[in-house]
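Trainee: Sequence:
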Amino acid sequence: MKKGDIDSRGFTIIEVALVLAIAGLIFLMVFVALPGLRASQRDTSRREDMISLIDGIKKYQQNNRGTLPTDWDSFKAEYMGGEDFNDPDGPAYELKYEECADLLKNTSKEPGKTPCYDDKSMYDVFEDYDNRYTILVLKQASCQGETPIYVSNPRKMAVVYRLEGSGIYCGNT
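Residues in the sequence shown are numbered from 1 upward in steps of one, following our numbering.
Check each hint, because a few of them may be wrong.
As the list claims (entries may be wrong) - Okay, derived cross-link-like pairs now, SDA-like style, lysine to any residue, Cα gap no bigger than 25 Å in a straight line: (1) K96 - F75; (2) K139 - E48; (3) K113 - Y123; (4) K76 - L95; (5) K96 - R132; (6) K96 - D128; (7) K109 - Q144; (8) K96 - T147.
Calculated from the structure, these hints are not laboratory results.
Full structure from sequences and hints, please.
Mentor: Set out below in structure tokens:
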């Protein structure tokens with residue numbers, strides 16, 4: 001080797017630092033995105049659970065003259081395939097029945113226009129319940145987006161559930 005020739009068999013410190021910085025950024029992006037992806041997957045599972053519940057309630061109503069199930073365990077066994085009906089986080093869902101008309105004490109009840117909870121948001125409604133895993137079944141209600149609205153049909157119901165990362169699920173029976 002002549003004097004002044006450079007040995008090019010290795011990497012410089014700058015090249016190594018640049019590769020480590022890029023790898024660090026990639027790992028950081030993955031670890032930041034991962035919890036959001038998991039929450040999104042759990043919310044998708046919750047939406048599917050609410051659709052199954054709505055289908056079960058519809059079947060129950062067809063077989064029982066439009067009434068709602070009163071015995072949650074027998075309803076799950078007969079209409080929900082007997083499976084455990086649990087939130088993706090693990091705990092069992094809890095059902096609460098409410099009459100939309102009864103919630104409207106100080107408001108004129110205009111079908112199709114009056115929200116069941118006219119004095120607070122649905123997020124505030126769910127804060128009133130002790131159980132994070134509460135499903136609200138609102139009688140005489142229909143969904144407009146995330147908001148249950150009072151309707152005149154006594155057999156119409158809205159199933160409402162607070163999702164982990166993306167709002168409120170509201171589905172109609």
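Trainee: Work down the list of hints and note, for each, if the structure agrees.
Mentor: Cross-check of the supplied hints:
This hinted pair checks out: K96 and F75 have alpha carbons roughly 14 Å apart, not beyond 25 Å. Using a Cα cut-off of 25 Å, the hinted pair K139 and E48 holds, with the two alpha carbons roughly 21 Å apart. Under the criterion of a C-alpha separation no larger than 25 Å, the hint pairing K113 with Y123 is consistent with the structure, at around 20 Å. Our distance criterion of 25 Å between C-alpha atoms is met by K76 and L95, whose separation comes to about 11 Å.
Between K96 and R132 the alpha-carbon distance is near 12 Å, which keeps this suggested pair within the 25 Å criterion. The suggested pairing of K96 with D128 holds, with an alpha-carbon distance near 12 Å, which does not exceed 25 Å. Between the alpha carbons of K109 and Q144 the distance comes to roughly 16 Å, so the proposed pair stays at or under 25 Å and holds. A hinted pair counts as satisfied when its Cα atoms are at most 25 Å apart, and K96 with T147 qualifies at roughly 17 Å.
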